[in-house]
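Same order as they appear, the protein sequences are chains A and B. So in the UniProt record's numbering, spot 311 of the first sequence is number 311, and the numbers just go up one at a time. So in the UniProt record's numbering, spot 137 of the second sequence is number 137, and the numbers just go up one at a time.
It is possible that some hints are incorrect.
Unchecked claim - Cross-link-like lysine-lysine pairs, in silico, DSS-like; alpha carbons within 30 Å at most:
hint : chain 1 : residue 1 : chain 2 : residue 2
1    : A       : K248      : A       : K284
2    : A       : K136      : A       : K265
3    : B       : K191      : A       : K6
4    : B       : K229      : A       : K74
5    : B       : K370      : A       : K74
No lab work stands behind these hints: they were computed from the structure.
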Amino acid sequence: MAEEKKLFKVTIDNITIEVEAGTSILNAARMIGGDVAPPAMCYYSKLKGSGGKCRTCLVEVAAGSTADPRPMPKLVASCRTNVMDGMVVKNITSERVIDARNGVVEFLLINHPLDCPICDQAGECHLQDLSYDHGKEGTRYEFNRRTFQKHDLGPYIQLHMTRCILCYRCVFTADQLTNKRVHGILDRGDHAEIATYIEKSLDNDFIGNVIDVCPVGALTDRTFRFKNRVWFLKPVDAHRDCPKCSGKVTLWNRGDEVYRVTARKDQWGEVEDWICNECRFEKKQTSDWVIEGPTKISRQSVISQGHYVGIKKPKETVVEVMDGRKPRLLMDIHDVSEVNKPNVDLSKIAGPAHSEDFK
Amino acid sequence: MGRKLLLEKAHVEGIRTYDVYRREGGYASVEKAFKNMSPDQVTEEVKKSGLRGRGGAGFPTGMKWSFLAKPEGVPRYLVCNADESEPGTFKDRYLMEFIPHLLIEGLIVSSYALGSNRTYIYIRGEYAWIVDILEQAIAEANANGWLGKNILGTGFDCQIYVQRGAGAYICGEETALIESLEGKRGNPRIKPPFPAVKGVWDCPTVVNNVETLAAVVPIINLGGEEYAKIGVGKSTGTKLISACGNINKPGVYEIDMTISVEEFIYSDEYCGGIPKGKRLKACIPGGSSVPILPTNLLLKTAKGDTRMMNYESLADGGFATGTMMGSGGFIVFDEDQCVVRHTLTLARFYRHESCGQCSPCREGTGWMEKILKNIEYGKGKMSDIDLLWDIQRKIEGNTICPLGDAAAWPVAAAIRHFRDEFEWHVLNPVESQSRNFGLAHYADPRPVPVA
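In isolation and in its complexed conformation, chain B is listed as follows:
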C-alpha cells in the first residue's frame, strides 16, 4: 500500500466541511508556517522537498518561487491553475471536489511564502459545481480566521478569489490564463517577460497547479527533507494519477512514484488490469499531449529496465523510446483500440483548442486533423503519413506556447511507434473501419488469454 499524503483523508465523512477537516488536523501547516517560519523559510522547505510542478512540465516548484521578482511597493500574486482541461487528466477535479480545504490551506501557506495578498483560483468553467464547493471552503476559512486581515496576528493579509474560465483549454497555459484572468481573450503571451517578472496586471506572479499547491501542506507538516525521502530520485513525494481507458478500475490514485508501470496497470490496488482479459496495446501516461508508448516500451525501457511511474523513468530514452509523466493522465488502450482513430480524436481536440495566434499552430493543427480524418475514413494515401510527420515536425518548437508541441507530439509518437497501423489503414480502407484489424504491438509479458 503506497503512502498517501494528499488523499489520505479524502474519504473521511464530511471532510469537505471545515469542522471535520480541522478536526482531522487541517490548517496545521498554516499554524506552523505562520508561527514558526518566515516566508523565505517556507520557500526553502519547498525547495528541500524537491517538489516538481504537477501541472505537466514538472519544473521544480521551489526554484520557480525563488524566481519571483520582489520590487518594493508592487503587489505580487499567486494564481492557482485549476483550468484542468487536458483529455485524460481529471485529478485536480477530484482533489478540489472532495477535499477543498487542502487546496485552500496550501494556498494560504504558499501566499504567505510568496507575499501574495490576493490569490486567485482560476478554474475551468465547466467545473461549475466545484466553484461552489471552493467558495464555501473559502467562506469557512474566512470565518475561522485563516483568511482576511492580520492572519494569526502575523500582520499578513490574504484573500482568495475564485475566477471561472470560459472553457478554453489554452487558458491552462500560464500566460493565457493570466490574460484571461485580466478579462482579456485567453491568448498566450510571448515570453520573456516571464510571469515571475510581469504577470497579472504586470506584477510579479507565480502560477501553480492545484496539486502542486496542495502538496505544500504535507511538505510543511512533514518538513521538506522528510517529504523528499518519499519517492525516488528527483521524483519526490506523491503524485496523483488519473487513470482511464481500458482498465478495470478507472479513477484517481495517489502513488509514491516507486511503483512500476506494470504494477500500476495490473495490481488490484490501482487500475486492476485490462477488462475481459484483453492484452495491453499502448498507453499515454501523462495526459493526451504526451507521446503514446506501445507495450514493449511502456513496461520496459529501451535498455530493458523496468519502466517506473516517475518522471525520470517515463522520460528515459527521450521521445524516441520514452514519454513524459506530464500531468498524470494515464490513458490505457487494449488490443482492440485503433491508434489512428485515437490520434485523430486528439488532433481534433488540439485543432479546436488552438488559439490561432501563431501560424504553425493555427494552420498546422487543422491540416493534421484533416489528413488523419482521411486516413481514418479510408481516403488516405501512403504519402500522407510522411506528410503528417513533416507537418508535426514544423509545428513542434516553432509556436508561441506549448500547445503546438502538445498537438505535434501525439501525432509524432503514433507514427513513430504505430506506423504499420497507419499503413494498414491506407492499404485496407474498408477493413480498417471494422476495428478488428488485429495488428500486434503487444510484447506483453502476460500470457495471451484463452478465449
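This is chain A alone, in the form it adopts within the complex:
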C-alpha cells in the first residue's frame, strides 16, 4: 500500500487549499491561480536553487502555522518559503505586500529601459506585465542609467545587458543544463553584469534555453530578433524526432514561414521541456516538423490581441486636423536602427514585412 502523503492546509488571500508538505507558498498559490499567485521574475520551477533574488514574490505570513500561529515579522520570498500546516498568507490582500512590490518594481525599472516598443521581448516580457500590475506611471529616478554595448554571445545569442535584471536564471540554466558554464555574474551591486569575462561564445547544445528563461529582453535569439513581432506570429505546437531533446516545441509562424522555434511554455511562462540548439536554431522549415495544432494562448496575452471580430477602427483624424496635409516623417528608421537592410524601405512594403523582403 502506497504511503499516504502528508497534506498541509494553507490559506492564501482567504482561500484555503490543501497541499503536500514541502510545497512552497508560491506553488501553493499557483495551485489556486489567478491574482493569488505572486509574480516571479527569478524563480523558475525547473531550475534548482532559483528564486529569492528579485523579491517580487514577497508575501506576508500572517500566521506561521497552527502549532505556532505567530506572524512572521518580515515579508518572505514565497518561492523559497515552504508552507506549514495552518499557515495564513496574505498576498494581494496585504497592503505591506503591495507597497513592497511597488518598491521592487521601481527598483527593477531603474536600470531597465522602458523601451518596450522596440524591445524584442515586447509582448512576452514578464517585467512589462509586472510593471503594468504594480508599477507607477512615472519614475522618481533622475540619474543616468547604466549603459552597455550589445554583446554577441556566439552565433545564436545576443546579450542586451541594459535590460538584464540579474535574475540569475540563465546562470542556473547553464549550470544545470550544460556541461560547462562559460558565463556568469561579474562585479557586485548595481554594477554587476552578466558576462563571459573575455568575449567567449555560448555554444553548448542546450545553451539556447537561456533565451527562453530570460524574463526580460536581455538574452535574445539572433536568428529571430527583430525579424518580426510576436503578435504578428501564430504559435503552433509541433514535434520532431530529435536524438538530443524531446523535440516538443512551439513554432512561431507567419503564413507558412517559421520565424522562431521555442520550447513550449506553461501558464507561468516556464518551459515544459528543454530543447536543443538544433531544434531551436536550425530547423526553421515547416517540413522539419510534425504540426500538432495551434498553441493554447491565454486570452489576456498580447499574442491573442488584434484578432478581434467585428472590430471598429477609430476614425483617422490626423489628416483632418492638419488641413489635409499628411504627417511629416521626421525620422528614417535606417538612421537609427540596423534592423533592416538600408536599401529596403519599410513603408513601401505592402502589408507586414516578410523575410522574403530582406533577401
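Place chain B on chain A using the hints.
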C-alpha cells in the same frame, strides 16, 4: 576600573607567543573542559553565561549552539567569523593581533562542545599580517598537543585552518561567508535552511564572531554563572568596544556593560572626552550599520533614564529614540561634523559592498547614494529628503540578507534625527560646503566651552 576578561593579559610582554601565554594561565579552559566536562556540559556553561554573539546581532550563543543539527555520520563545522569589515569596528583585529592564543583556545573548547573536527577561521583578506600571527599560534598549539589527533587523550581530533577572504564586506554575513569558504562567490544564501542545519558543504555549521569565541575561555574558566554575574540584565560579561571619531583616546576598550555612555565618552579611562573641548553632536554606538543618535538621546533615553553601554539600554525605545549595541564600533561626532556628509560616506560604502543579488539592495543602495551626493554637493531638492526616506523604507526588511537593513538604517536615523540639517543643505547649498553651519543638536549636559 572595569573588569577585564579578554584583554587582561593583552599587554603582557610576549603574550603573542605560546610560552608566555601558557605561563600566564593560557589553555586552562581546554584542560578543564576536556578533562572534566562533556561537550554538552560546555554548551550548558555557555548557555548559563548568557553570552550574546559579539558580531552585531547579539543572539544568545548557547542557544545558537543548541540549534546545531547532529545527524549521524555527518561532519559538523565551527567557523570563526573574522571578516571584520564594518566601518568603525576594529575590535577583533586587536584581539587577534595581540592575544591570538586566546582565540585559538576559545576555538578548541568551542570545537569540542560542537563536535567540530575541522574548524575554520575566515579572516578578512586585508588583515594579511594577522593571518601570519594566527598561523604561528596554530602551529604552536599543534606542537604543544592542543590541536591534532586525540587531544589530551580524549579521543577528540581537531584542526584549525585559516582562510583569507578576498575583501568583500558581505562575506561577514554568515551564509555569504560559507559560500566564500566553499570557494564560491560570496553571495548570501536564502534562509532557511539555516547554517545550523545546512552550512559548510551542506553540513551543520556554527558561525561565531572572534570575540564570542574568545569569550568562551573566561566562561569555562570562571563558570557560566560567575560570568553571568558580570554586566547587567541580559548583557552579561564584558564587551570590546572599538572607539573612534572625535575623541581624545581612540582605541579598543573592554567594558563590563555597567557604565553609562556619558562615562564611556568622557572618562579618562576610556575615550577621554572630545578634542579641543568641543561639544558632542552625535554618535553611532555599534558600527556604521546601526542608527546614529543625537546627543540628547545618546546620553539619556527618551524616558529620561541614563543611557548605558549595554544591549538593552542602547536599544531602549526602538529605532525611534534608540539604537543598537551592534558590533561595538563606537563612532563619535563633535559639533563640527556634518551628518549629511557622513551619511553619504556610509551610503557609498553600502552601495559598493552590496552583492547585487536582490533588487532592493542592488538598486536601492546606489539610488540613495546618488541622492545623498546631490544633497551634499548643493544640488538637492526638498523632495529628495522624502524620497530618501521612502527608498530606505522599501529596502529595509525586503532583502535576502541584513545588508539591506544595514544600508537603510543609517539613512533613516540621519533623516529622523537630523532632518533640519538635510533641509539646511538644500536651502544653503553654498554655505553647507563650508562645514561651519552651526546647527544645534547638543543638549549636552556639559557647559559650552569658552573659546
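Status of the hints after comparison with the structure:
1. K248(A) / K284(A): holds (14 Å)
2. K136(A) / K265(A): holds (29 Å)
3. K191(B) / K6(A): Holds, at about 23 Å.
4. K229(B) / K74(A): violated (35 Å)
5. K370(B) / K74(A): holds (27 Å)
In summary, the one numbered hint that this structure violates is 4.
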